[in-house]
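J.: The task is simple: from the sequences and hints, build the whole structure.
Numbering of the sequence shown is given in the numbering used here, commencing with residue 1 and proceeding in unit increments.
Rather than coming from a laboratory, the hints here were simulated on the basis of the structure.
Each statement offered as a hint is correct.
When the alpha-carbon atoms are kept at most 30 Å apart in a straight line, the in silico DSS-like pairs for lysine-lysine are as follows:
1) 65 x 203
2) 173 x 150
3) 174 x 206
Cβ pair distances, simulated, as ranges:
4) 12 x 72: 15 to 25 Å
5) 37 x 191: 33 to 43 Å
6) 50 x 12: 14 to 24 Å
7) 112 x 155: 20 to 30 Å
8) 153 x 23: 38 to 48 Å
Backbone N, C-alpha and C fix where the C-beta goes; we use that ideal spot for every residue, glycine too.
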Amino acid sequence: MIENNFINQILYYENLSASELATIIDVNKSTIHRWINGDIENIKMDKLLDLATKLDVNPIWMMGKSDVYRFSDYQKNKTSRIFDKPVAIAGSGSCGLGDLNEGVITEWQDTPMQWLNGNPDEYFWAIANGDSMIGSGIIDGSMLLFKMQKNLNNGDIGAFHLNGEDYIKKFEKKGNTILLISTNLDYDPIIVTKDDDFRIIAKLIKQVTDF
Numbered sequence: 001m002i003e004n005n006f007i008n009q010i011l012y013y014e015n016l017s018a019s020e021l022a023t024i025i026d027v028n029k030s031t032i033h034r035w036i037n038g039d040i041e042n043i044k045m046d047k048l049l050d051l052a053t054k055l056d057v058n059p060i061w062m063m064g065k066s067d068v069y070r071f072s073d074y075q076k077n078k079t080s081r082i083f084d085k086p087v088a089i090a091g092s093g094s095c096g097l098g099d100l101n102e103g104v105i106t107e108w109q110d111t112p113m114q115w116l117n118g119n120p121d122e123y124f125w126a127i128a129n130g131d132s133m134i135g136s137g138i139i140d141g142s143m144l145l146f147k148m149q150k151n152l153n154n155g156d157i158g159a160f161h162l163n164g165e166d167y168i169k170k171f172e173k174k175g176n177t178i179l180l181i182s183t184n185l186d187y188d189p190i191i192v193t194k195d196d197d198f199r200i201i202a203k204l205i206k207q208v209t210d211f
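T.: Have a look at this one:
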């Protein structure tokens with residue numbers, strides 16, 4: 001979910017007019033005024049990320065999930081942690097199409113014990129690649145901690161294998177129909193049918209933008 005007043009705050013913090021912001025991210029001035037007046041649900045993610053990049057604004061702050069305004073500050077603001085359990089990093093996982101490199105262990109990441117419930121071998125990390133789950137605060141490069149399991153509840157974010165491809169999506173089951181849903185509205189849900197080669201790989205336990 002995007003914070004309702006973040007455009008107004010950006011204009012204030014950056015000392016910009018609506019016209020200046022429109023020029024920076026290459027949209028019409030009228031579009032900026034629609035956003036100012038609350039029509040923000042239709043903001044395209046490419047414009048959101050363009051704005052974040054050009055103004056050094058934290059996209060996680062835009063969604064109300066961080067108090068840190070500058071993305072550069074957010075990256076530097078590492079919390080001190082005690083790491084004492086190595087967990088496998090199973091390559092990179094696309095939030096759209098891609099490959100989790102399931103079974104191919106490339107390296108290990110020391111992980112806080114309080115993030116793990118049970119055998120560390122039941123967990124793995126994947127690196128997010130893409131923007132289809134940005135509505136859940138998952139941005140390109142996020143570290144995603146998964147626990148391997150075969151069942152999920154509606155609303156859980158999981159890793160899935162479907163017809164030779166691996167996905168990171170939100171799980172929904174309605175009757176006999178399974179939907180793999182992106183939290184970026186630019187992406188359509190993926191409908192899983194009984195004829196598909198489909199299985200649940202794991203459930204998302206934690207996401208970390210910067211270790």
